Amino acid sequence: MSQTHLSPTAPRPNLSLATGEKGTHTLPDSIPEESAAATKGPEDAAPAKKTGRFSWLKLDMTRTEWDILIGSTCLKLLLFPAYRSTDFEVHRNWLAITHSLPISKWYYDTTSEWTLDYPPFFAYFEKLLSIPAYFVDPRIVDLNNLNYGAWSVVAYQRATVVVTELVLGAAVLRFIRGAENPAMQRIISASLFLHPGFLIVDHIHFQYNGFMFGILLWSLLMARNDRKLASGFLFAVLLNFKHIYLYLAPAYFVYLLRSYCVSPTYTLLPARFLSLANAVILTFLASLGPFLLMGQLPQLLSRLFPFTRGLNHAYWAPNFWALVTAADRVLLKVVSRGQLGGLSINESGVASTSRGLVGDTVFAVLPTVKPIHTFAITVAFQTIYMGKLWTNTSYKSFVTALTLCGFTSYMFGWHVHEKAILLVLVPLSLLAAESNAYFRTFEIASIAGIYSLFPLLFTPAETVVKIVYSALWVLFVLRPIHRQVYQFPRTVTFVVIDFLERLYLAGFPLLQIFVTLFPLFARRRGAANGSVSEHSDGEESGTSPLEFLPLMVTSVYCAVGLVWAFIRLSVIYLARKD
Amino acid sequence: MHQENMKAWVVPSLVLASIWVKWAVGLGSYSGQGTPPMFGDYEAQRHWMELTIHLPTRQWYTYDLQYWGLDYPPLTAYVSWLCGIVGSWVDPLWFALDDSRGIETSGSKVFMRATVLFFDTLVYVPALVMFARVWQGTRSSRTQNLALALLLLQPALILIDFGHFQYNSVMLGFTLFAMNFFATGHDLFGAVCFVLSLGFKQMALYYAPAIGTYLLAKCVYLGPSAGSKLFIRLAIITILSFLALFLPFLPPFAPLSAILDPITRIFPFNRGLFEDKVANFWCATNVVLKWKLWAPQGALIKLSTALTAFGFFPAVATLLFSGYKLRVQPATGDEKSTSFLPKQTPILPLLPYALLTSSLSFFLFSFQVHEKTILVPLLPMTLLLSGSSPEEVTFELGMLMNNVAVFSMWPLLKRDDLGVQYIALLVLWNRLLGYNPFRTSRRSYIRLLSLVVYTAAFVLHLAELLISPPTRLPDIFPVLNVLISTPVFVLVWLWSIKRAIEVSWALGGLGSRSKVTQKPVSNSSTATKLHRFPVEGGADGKAHGSTSDIGLPRASGMRTMSLGFAQGRRRTIPRSGSVDIN
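Protein sequences appear in the order of chains A and B. Per the UniProt record's numbering, residue 1 is the first one in the first sequence, and the count goes up by one each step. Per the UniProt record's numbering, residue 1 is the first one in the second sequence, and the count goes up by one each step.
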């Protein structure tokens, strides 16, 4: 890349087509986060950085970075007509709510079943997006125009995802500058920006995770650059965008308290403590203040935290409970054959576990799990990691603890959605190139985690998209890091573990083949059976477990990997000596 | 990306990435989606699958012709039959006779898209990989891979095949295979492949003058005895392949008259001179001269045939002339060169230019041309482009023609709701090649012309977006599109003739080196280059047998030079988006 007319230092290409312009014009969209951090937190702890604060405005991007940005944007444009879930309508409805109703009615409106259940910053964000939406097509923000699916709304909402994701792009770009190992960080940054999780969940399924993980990564970047006040502030902002990040809050709390508010000799530093407290309180006031004044806080909170759902989501998120549920099903088979007489069968559980429907999961054999149990287990595990974090508040320790915090919640939480795996994969990516142990954990968690997102896109047309994209991502992200950090295992135990892990990873193509082919053959067999014997109740009990079999197998197989990755990361973290 | 262990992965991942892009384009709409009662090309292809699996062969070309009667050659029909059989196995409703007309379920769409992807990957992609290896064998693997990426992601073909919905890549892939086999010296395989191409889609006829003349010129080149032997073999194999293709319509399987059904369907002479707005000579001049009013149908047909023949005559002439000039002369040559018949002919470098001239002359001047047909001339131009370096005229013209070709299909793509895909693929491809249409830094006429064309196209798009056409001139935008595009295609046609004459002249000068030592044409420069080529060719060694001595490296050198290799080989081509660790 040294030729004159194409070198990185040559005059920047005058990008004139649509995407190029979008790229240059919209990158400053990420300003609000950063400049907000700068202006609202005047007690910024790192004044030395002031000169460099706006340096990134110059967009010092290399040619390769431009290539990635433009190329990936083009690919995302191609996904505009792809399948979109009901989340698309959810967000359209929120555009309509925030545009056509006064703020006092936002959290009360029930015109659509998809009521507003994100914190206020996200509502403000939707309000902001609804203004241009009105000019694109007034029918987008019509409250009663339910399930509007015209090309205008599709293109507009998809475009907002692409544009707001530039927050993520800007954050990972900044991670490269000043990284310990820029070459590796470049791969990791690219891997995050091009993560299949975002492609699947944001650009096809439809959500704004790229934008919000961008804020999280920005907060982590501030932590890395030792600007902890900004880090805490950004996390507070993030919490007010989407409350799922509460899962990560313990790590932030301990980290900021120990490393920012308390001196190494355990004396409280009041000025720092107060500034942090003020920043967080002001953020929450900015978010919740209007609703507090209107006395709507209880209503708002009841929208944010509906405790009426079951243990498992429709498709079991591949966590610890998926394994328990699967064990219950196996035990049920054994018990109903009369081989284990001592156990009694809970009749309501027999019906419950055979279906993959939303609702309370009642176990047939094992004791039933209540929300309080999952809460207790989560807190117990998190306490262990927080203890470790308290004694070691380095940046890496913090990121590991943060990942484990998210991982614990994912593993043991109540009604966890499979999309929550991004809470694990994104921070874990930052540690991927640390050492072989970290990398292998990252590898297993990423492959199992990304695969566990596949059932989100159940339409056949998107199957090729998700598989090929993920395969290419795995190839181009995992292999280079693998070559950098790989060490051959030293002891026999580790050789065996290494072999088993490879075997496990090699199983994913086979799993995909099974998942693809099973419905084809099941349907043909079902059709053949149905035409021969036409009793209706046989169909009821015969086909429905089979129908969910691929999903259950996927869930259990991914759960094995994710539980193992969780154990690995816990051991690595707790055994860390630095 | 280009580290040691990754090398084996580059080609598979390039192919995989292109598959992803093609499939993602396929997520969009297709021609005639949701437009009953006739729908579009998608329904035509699907309907052929339906009728071929349900009807006896005799009725394929006669069944309900008003509703998308089959009008492609038999290989398309056989392929449709195969797709229909597999599709019916998955879901019989997709291809139920008559009842499935206009079916638009998501399942059937996925299946149809998958068949395009399958045949594209089966025929076109291997042909491209082989092309990169055979025609560019002397270049570094990195350059070969870049050329492959360029060819795999060519936006025009992806938009038409995977967006609009057609199977052009099969026809183009067979022609490309024919070219590859000619390059490796397997002329008979090449002839069979070209017959398959013709048998898949009659549009391959645009190449026929070039291919036919190339083979004839090769016979001439080989001299009376070897040449006539090859000629007879080629004639027999070509006739046999055609007979095999049309076998079900011939005795003893059908009465002799049955052969007329496919023939009359394949060549419809009863339609007009042109239908839609096509960026060719007739449509462009129609703005001034109203051809249809001015002349009767029969005269127009004759005129267009004459013009087309005039258009591809230079290609035919240069090929035959070079073949004659360079012919192997048993009397004058030493013993070695007569006993050893080189597999590659020195006239091979002329083939891409001849294909370009011939197909463009058909596109510009012939009868009943469709705007999608630009894909046919686009293939040889893109092949030439893939062998050029960014400083060359070939590169500039290749990019210009590709971009303008996509632009010329805009009215069609707009009708199919493929606007986003149009933008995305164009940006992606130009970025991949490091080509900025609006860069003005270099002073060359071609660059200046490109700038004018791109600006005009951009302004036209902008105008179309902002202004609705006046009621008096409802077709103003498509007509302007034609007026912008046609001059570019004419320019490329003229350029291809010029280049063919240049290459032919250079070849002639070299070929007669034993007698005429002082030819005026750049002999010194090419000669010095040629001293280097044997080293390159020998090091490569793959395409040439170990016995090759003087003849083969020369041929390969000329070949690569014609693809822009000679000018560009010393420069690294920094147009990839990859991270270059080295």
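Bear in mind the hints are in silico, worked out from the structure with no lab data behind them. Some clues are possibly wrong.
[What the hints assert, rightly or not] Simulated coverage check for chain A against chain B, where a stretch passes if three residues somewhere in it have a Cβ under 8 Å from a Cβ of chain B:
id: 1; stretch: 78-88
id: 2; stretch: 451-461
id: 3; stretch: 465-474
[Stated by the list, open to error] Some, not all, of what chain B presents toward chain A, calculated at C-beta under 8 Å:
id: 4; residue: 20
id: 5; residue: 75
id: 6; residue: 102
id: 7; residue: 106
id: 8; residue: 119
Since the model is a prediction, treat every value here as computed from it, not as a measurement. From the three backbone atoms N, C-alpha and C, an ideal C-beta is built for every residue, glycine too.
Right, here's what the structure says about each hint:
Taking a C-beta to C-beta cut-off of 8 Å, the stretch 78-88 of chain A contributes 5 residues in contact with chain B, enough for the three needed, and the coverage statement holds. Remark: the stretch 451-461 of chain A is confirmed as covered by chain B, as 3 of its residues place a Cβ nearer than 8 Å to a Cβ of that chain, reaching the required three. Counting residues of the stretch 465-474 of chain A whose beta carbon lies closer than 8 Å to any beta carbon of chain B gives 5, which meets the minimum of three for the stated coverage. A cut of 8 Å between beta carbons decides the hint on residue 20 (chain B): the least distance to chain A is about 4 Å, and the hint holds.
Given hint, residue 75 (chain B) at the interface with chain A, is violated; its Cβ is 26 Å from that chain's nearest Cβ, farther than 8 Å. Interface hint at residue 102 (chain B): violated, since its Cβ lies 19 Å from the closest Cβ of chain A, which is beyond the 8 Å cut-off. Interface restraint check: residue 106 (chain B) against chain A, minimum CB-CB distance 7 Å, threshold 8 Å, status holds. For residue 119 (chain B), the suggested interface contact is broken, since its CB lies about 16 Å from the closest CB of chain A, more than 8 Å.
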